[in-house]
Amino acid sequence: MTHYKTLRLILGDQLNPSHSWFKHKDNDTLYLVAELKQETDYVKHHIQKICAFFSAMENFAHALSCAEFNVLHLTLDETQNDKNLPDLLNRIAKKYHCSAIQYQYPDEFRLKEQLSLFKQASTYNVTAVDSEHFLLPFSQIKERFSKNKHVTMEHFYRAMRKQFDVLMEQGKPEGGKWNFDSNNRNKFSKNDLVDIPLPKVFNNDVSTIIDRLDKHQVSYFGEIKNQRLQWPTTRKQAISCLEYFCENLLINFGQFQDAMTNQSEHNTSLYHSRLSFAINAKLLHPLYVINRVINEYRQRPNEISISQVEGFVRQILGWREYVRGVYWINMPDYARKNQLQAKNKLPEYFWHGSTKMNCLSHSLSQSLTTAYAHHIQRLMVIGNFCMLTGINPDDVDNWYLGVYIDAIEWVEMPNTRGMSQFADDGIIATKPYAASGNYINKMSDYCKSCQYDVKQKVGEKACPLNSLYWNFMHTHRSKLEKNPRIGMVYKNWDRQTEEQKAALLKQAAAYLVDLESL
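Per the working numbering, the very first residue in the sequence shown carries number 1320; after that it's consecutive.
Keep in mind the hints are simulated off the structure, nothing from the lab. Virtual Cβ for every residue (Gly too), placed ideally from N, Cα, C. Don't take each hint at face value.
Claimed, not checked - Below 27 Å or equal to it, Euclidean Cα-Cα: the simulated DSSO-like pairs (lysine-lysine) are:
1) K1798 x K1767
2) K1675 x K1461
3) K1656 x K1801
4) K1414 x K1402
5) K1801 x K1780
6) K1820 x K1801
7) K1662 x K1820
8) K1664 x K1509
9) K1798 x K1363
10) K1509 x K1363
11) K1798 x K1780
12) K1774 x K1506
13) K1402 x K1342
14) K1544 x K1356
15) K1324 x K1438
16) K1801 x K1509
17) K1820 x K1761
18) K1496 x K1761
19) K1506 x K1662
To be verified - Label-pair ranges, simulated between beta-carbon atoms:
20) T1527 x Q1433: 27 to 33 Å
21) K1820 x G1495: 20 to 26 Å
22) F1483 x S1441: 51 to 57 Å
23) K1461 x N1522: 41 to 47 Å
24) H1416 x Q1618: 40 to 46 Å
25) Q1489 x Q1618: 19 to 25 Å
26) M1807 x Q1546: 22 to 28 Å
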């Protein structure tokens, strides 16, 4: 049996080939990459999500081995008797006579706590290092964020732009504005839909992984066609996905980044990059992605406008780093926030997508089929519905965390509990992102083929979102009416007759009593 001095743990979302751990080879160090039942069972996951992480882990371990690092890749077959991560580490360290254990700081609170407790109780020399992935170092989060305090994302984003000199000209924002979001709210026309390039997909065989999941009775949901995974699970694939985005999709990304359509069965990602899993698993560094996108813009200034690029940069340099800061400064209390006291149960159609509401059915079915939906589908269709119907944010969190391939708690929870459910006492959003059917109709073609009529507020054919919206605003008036961003809503409500108000509230109450029938 070979002996090693140091055991280094690599978690499934720490597949960073540029980490300083790999700058030098050390024959006394063993790298551990392991599938673990603990990580499949803390929430029920989409089959594609589990397969993506397990496949990427296996590929990363293979790449390290080819680079002549000492790597131990363990599957569920080899870890089936390890109840948790500490059990696994103790067993492997003992087996290989290690005296030291090292790990990178996890990006989920539950794992950080588990490994911190392990470190305190361990007889080994246990140390932790930074994952070297995020642009804002973990140690600086406290300098930018305060617990239970709202930090304006736009201010944070501008500071990050300045710090990393991204789209800046002599200290000022390139293009004369910091934010081109007003240019990025276009709806697809029929001609627009014809020209959208097909997405970059892959043909990764994950049949052996699925066999393992079934053998070890891992519970999962969702679809995966022919046991082939279309998402990038190697750095090479991720880079090719990035190149495809830059060359074919970036040109129209910004203007259509909020658009939704019912006419894209074979192209559910539209102009989006499909890079979120690769970035969140750390196969690609965010600054590498940002620089590549900006470089494409520099090479094609007559084709790609600043609004396309700025919209993409804002999502990665701004929003992604921002929600991570919110997560860490507020955990673990953040996971218990429910300021609207939402208590309803998640409807069963969240697990099969069969509902008469076309916008919701399309977004849910797409999520279940592909493990993906873009941010407006997540926020303004699925999230909006959950908020208006008072679904318990614990249930919403678990569903989002399980269904999306890119969902890791640090990014999922602030987006869900904070941004979409307005459950976090206004730490992220200064107003609830509540919308009636009018917004869906404005940004999509979902309403055209829906069984409900988006223009009707009451009646058998009335779009449920219309009355549910007014019921939500009425129910939470004491909390919301002093908010300057939504004061006009209540002026519109007060202009309606008492009969109109009563009819809307009665309609919403009927929907809320029987959500399963929608």
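Results of checking the hints against the structure:
no.	hint	verdict
1	K1798 x K1767	35 Å, violated
2	K1675 x K1461	46 Å, violated
3	K1656 x K1801	21 Å, holds
4	K1414 x K1402	17 Å, holds
5	K1801 x K1780	33 Å, violated
6	K1820 x K1801	20 Å, holds
7	K1662 x K1820	24 Å, holds
8	K1664 x K1509	38 Å, violated
9	K1798 x K1363	34 Å, violated
10	K1509 x K1363	38 Å, violated
11	K1798 x K1780	31 Å, violated
12	K1774 x K1506	18 Å, holds
13	K1402 x K1342	33 Å, violated
14	K1544 x K1356	24 Å, holds
15	K1324 x K1438	17 Å, holds
16	K1801 x K1509	41 Å, violated
17	K1820 x K1761	24 Å, holds
18	K1496 x K1761	26 Å, holds
19	K1506 x K1662	34 Å, violated
20	T1527 x Q1433: 27 to 33 Å	28 Å, holds
21	K1820 x G1495: 20 to 26 Å	45 Å, violated
22	F1483 x S1441: 51 to 57 Å	37 Å, violated
23	K1461 x N1522: 41 to 47 Å	45 Å, holds
24	H1416 x Q1618: 40 to 46 Å	54 Å, violated
25	Q1489 x Q1618: 19 to 25 Å	22 Å, holds
26	M1807 x Q1546: 22 to 28 Å	52 Å, violated
Of the numbered hints given earlier, the model fails hints 1, 2, 5, 8, 9, 10, 11, 13, 16, 19, 21, 22, 24, 26; all others are met.
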